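Once you've looked at the hints, dock chains B, C and D against the given chain A.
Number of protein chains: 4
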Amino acid sequence: MAVINGYELSEREQSLNVINLPSLENLAKEILPKGGFEFIRGGSEDEWTLRENTIAFDRVQILPHVLSNISEPETKTSIFGLQLDTPLVMAPAAAQGIAHIRGEAATAEGMAATGSLMTQSTYSSKLIADAAAAGHGAPQFFQLYLSQDNDLNKFLLDKAKEAGSKAIVITTDLTAEGYREADIVNDFHFPLPMANLEDYQVGLGQSDAGVGHGKDVFDNEAHQIGVSDIKRIIDYTDLPVIIKGIQTPEDALLAISAGAQGIWVSNHGGRQLNGGPASFDVLKGIATAVNHQVPIIFDGGVRRGSRF
Amino acid sequence: MAVINGYELSEREQSLNVINLPSLENLAKEILPKGGFEFIRGGSEDEWTLRENTIAFDRVQILPHVLSNISEPETKTSIFGLQLDTPLVMAPAAAQGIAHIRGEAATAEGMAATGSLMTQSTYSSKLIADAAAAGHGAPQFFQLYLSQDNDLNKFLLDKAKEAGSKAIVITTDLTAEGYREADIVNDFHFPLPMANLEDYQVGLGQSDAGVGHGKDVFDNEAHQIGVSDIKRIIDYTDLPVIIKGIQTPEDALLAISAGAQGIWVSNHGGRQLNGGPASFDVLKGIATAVNHQVPIIFDGGVRRGSRF
Amino acid sequence: MAVINGYELSEREQSLNVINLPSLENLAKEILPKGGFEFIRGGSEDEWTLRENTIAFDRVQILPHVLSNISEPETKTSIFGLQLDTPLVMAPAAAQGIAHIRGEAATAEGMAATGSLMTQSTYSSKLIADAAAAGHGAPQFFQLYLSQDNDLNKFLLDKAKEAGSKAIVITTDLTAEGYREADIVNDFHFPLPMANLEDYQVGLGQSDAGVGHGKDVFDNEAHQIGVSDIKRIIDYTDLPVIIKGIQTPEDALLAISAGAQGIWVSNHGGRQLNGGPASFDVLKGIATAVNHQVPIIFDGGVRRGSRF
Amino acid sequence: MAVINGYELSEREQSLNVINLPSLENLAKEILPKGGFEFIRGGSEDEWTLRENTIAFDRVQILPHVLSNISEPETKTSIFGLQLDTPLVMAPAAAQGIAHIRGEAATAEGMAATGSLMTQSTYSSKLIADAAAAGHGAPQFFQLYLSQDNDLNKFLLDKAKEAGSKAIVITTDLTAEGYREADIVNDFHFPLPMANLEDYQVGLGQSDAGVGHGKDVFDNEAHQIGVSDIKRIIDYTDLPVIIKGIQTPEDALLAISAGAQGIWVSNHGGRQLNGGPASFDVLKGIATAVNHQVPIIFDGGVRRGSRF
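For the protein sequence lines, the chains are A, B, C and D, in the order given. Using our numbering, read the first sequence as starting at 1 and increasing by one per residue. Using our numbering, read the second sequence as starting at 1001 and increasing by one per residue. Using our numbering, read the third sequence as starting at 2001 and increasing by one per residue. Using our numbering, read the fourth sequence as starting at 3001 and increasing by one per residue.
If we strip away everything but chain A, and leave its shape as in the complex, we get (with noise of 0.2 Å):
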């Protein structure tokens, strides 16, 4: 196991007995380090939102219809032309390498082995390249958070390009940085550097000394997010472009007005915004005004799908 920056990261490779997510947590937290499992699991605040995302899900059933005569329903979908063997796009996730040393290129390879499609997080452990190399051509996206420094902006468009994304997720729900309690007792930093700004800074010949070690992360970001900002993406990228992070109607419409091709209702899982309703909860408004316009990606609370 190697130790770096006094973080114990996994190298294990072990098959496991899981038969939901709960026993998946359990194991997790059994294996890894406090600091690195409570950054994975926990939320901002008291985790009302957090908890609001699973509750909400009790508050619709789904009718079975027994007569229907249907023999092997229909998990594939497609999205942008792309064809998918089970309905689902994995929500971006920093910094995976602090649940395995292989970080984001297990990943891809495990989503490209269920037919799902992956999203690269601007905040990868792992280069766009190589973590899109892992998913053997599977389709991915890549996810963006606008920096201050627009010529990061574009450099990572471009990598993502390069890369073969098939679209890019603009996340615009992080311009203020969630209160995470855990991580402010654990004194949680991210122990591994961020892969891709590691990248750019390398190119522009600046110490990688610290580079993009969490706080730091933060305050280069874009505090502020508006409709100008999305078009100056569009214009720049030939790519799909997907605002993530919407949680009311009027957002998506502005989105959409803007040029966005997906909206992506999130509220990031309430890892940082606590308080605003659970994300199920505004979804059916948000179907509403967009009205088939664009696809709608859907994250929050989500923790199991009937096995068939």
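No lab work stands behind these hints, which were simulated from the structure alone. Here the structure is a predicted model, which is why all the values come from computation and not from measurement. Just so it is clear, CB atoms sit at the ideal spot from N, CA and C, and this is done for glycine as well. Hints are not guaranteed to be accurate.
[Unchecked claim] Between beta-carbon pairs, the in silico distance windows are:
| hint | chain 1 | residue 1 | chain 2 | residue 2 | range |
| --- | --- | --- | --- | --- | --- |
| 1 | A | I184 | D | E3011 | 23 to 33 Å |
| 2 | D | N3026 | A | R51 | 52 to 62 Å |
| 3 | A | I184 | C | I2031 | 44 to 54 Å |
| 4 | C | D2149 | B | E1008 | 51 to 61 Å |
| 5 | A | S15 | D | N3026 | 37 to 47 Å |
| 6 | A | E13 | B | L1204 | 42 to 52 Å |
Frame of chain A; chains B, C and D shown alone:
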């Protein structure tokens, strides 16, 4: 105590001190092997629907009319011309040999003694005829899981008819096997053969090795059920046919239009499909749609009938 | 401490440090024999209605009017011309000798001291006249369980009249005995005779062996109550008659049409019939129907009256 | 550590590791004498209203608008022409010497440092002038419990005016003392004199023995408050008068019609009257009725303001 396929099969006979279902469940938990107990008790996935089935009864209350001038409230009822002392039709429960070596024979005795009606399961641990004989003439129904092998369907319908079954109950809600986590953790497999399936295969001259021990049983079931399947059974049998597993008004009306003479509102006790509403919560809408055309049988979450 | 029929009968006299009902209940639990304590505390079946009775008060709040310019809020009230310092009419409670050897006599003293009104139970551990005398002239009601033996009804009504009772309270909600699980588990039987029933039987020259010890008491009750039963009592007595156990507007109007001069909204504290709504939840509908024709007394779930 | 009247008065000065209010409460619980801690923390009766005050915030969510193009959200506000860096007016809290020997002086320093506004309590452990001086010029309000002794009212209003108070807050919701069970169990009495009352009595040449130690304090309060009482104070002072303890639209309009220049929606934190609704639940109705005629201050159940 007999041990079959590693499973301790209870042969004990003793009087029990049971004051309600939870106290019975507690006693069963002490006596039964863990795998068997949890198969009987448990539901699928996180058991949300199983819990909702019972909780739903807290959302409706019956108002007592104290000046009704009724001295002896009547619990007698009838269905298909059959007189019942109590208005109970027991839902089919598979593999009762797990609980006791006498299995469905003992259940048949008990149901007859209370003036209630037993429904035998396709997956009974006893032959239809044997459990029928144990009922000493009390009326019984036979529940049919549609097989992909229509000869098996006919064989079972013939056996039920011979044994005096008063109606055929077709279960329609198990075209996809439930994700039962406790059974996975316990690595539970039916220790006993399904008597009726064994009977069929022996008759065909097939080896009975491993016959009817769980997964293979499900594999042979119909994974797709429509109106035409119901009509086929109705055409074959001259017994009344009840469609079990109905959770929507639409399916109830489809079943009736196909010739069903009874509707059985059930979500399989939350044992197979999880995430749907409580069975009691959908009953009213179905009853309104059925509008007294055929009798409705209900199961799901019933834990009490007040003593009088 | 006296022991009667195996039951330790408390004779202790001590001052108590009680700040609310839960603290009183905790003290009682320490002191009383388990069977007696649980008879007093417990409800029927799984005690759903018992709990709902108290929870229902959380569903309604009283808005404080801070500029009301009232200095001394008035709690005095009157019923049937009787002046009460506090607006409390104590619900009849059977067999108070279980709690203390002084039984209803001590209760009568306490109710008189607080300016409240005691209702004696048919199944009192003390004679009507004795508990009345202990009240030192404070007004009392007498509660009547209708017996199948109308001579007993008349005997009790005569005794109540002689003892100065101001009204007759007919309990209508116990035509079927409740399924009280704790009493079954504890094998609890009334250790003391019902004084009024014993008085009647001794007067008849009957042996008092086993008189009024529980099951046999209930067996002699009316298991059927209608408007004609109420009229019969009203015809016999010249005291106002209050009908207790009303849970529906229909029954309230039936009782008034039969000549009742008061309605007592109660579900017997959830002690006998379980599964009905909270008593407080049905109060408003009944009050609307009664529309000030007669006074309404309410019990069920009251645990607090704010101190002023 | 000083001990006064048997109470250990904290003099400690140390930096605290506090990440939220629960962690602060836990630290306080370790350090403070039980009686003092529970006086500060606790509510009246079973604390239903105290709990509801916080739960009510779970019933309303604020929708995040992620494309708002706002970089620096503004928390500055003003009231009565006073500029505040944070939109916080601290509710008056009595007897802060219980928590620390520096009492209200330390609080005044802290409130000034955060750009918030302190409201001094009539029942302060420090003189109005001393706590005002500790605020180093930051604006403060003075809260007045109306006394039956109008000379005391005038004395306090004069002192507040001299000390530079910017408004008078009349508390109207304590005409009846709350039933605070923890204080009864702990036999808690204020260990320190109420500084302002002592000041008044010393000026009158009265002995200060036992001055202002709890029960006697309440006995001298007005037990009846109406519009005329408010008018009397407004006539006497030239400071703006805010009416605190409003829980209904009717009382808000009454107060404004009497000349109040501010409404303070509060139920005293559930500390005195229990059983009313959450303060937050009545805010909207009051705000609608007030309709921007005067500013509204709110307290009750606030536990978080998201960090930006």
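Going down the list of hints, with the structure as the test:
The supplied range of 23 to 33 Å is met by I184 of chain A and E3011 of chain D, whose beta-carbon atoms lie about 29 Å from each other. Taking 52 to 62 Å as the suggested C-beta distance range, the pair N3026 of chain D and R51 of chain A does not conform, at roughly 21 Å. Distance hint check: the CB atoms of I184 of chain A and I2031 of chain C are about 50 Å apart, consistent with the given range 44 to 54 Å. In this structure, D2149 of chain C and E1008 of chain B meet the distance hint of 51 to 61 Å, their C-beta atoms being roughly 56 Å apart.
A C-beta distance of roughly 42 Å is found between S15 of chain A and N3026 of chain D, which places it inside the suggested range of 37 to 47 Å. Separated by about 48 Å at the C-beta atoms, E13 of chain A and L1204 of chain B satisfy the suggested range of 42 to 52 Å.
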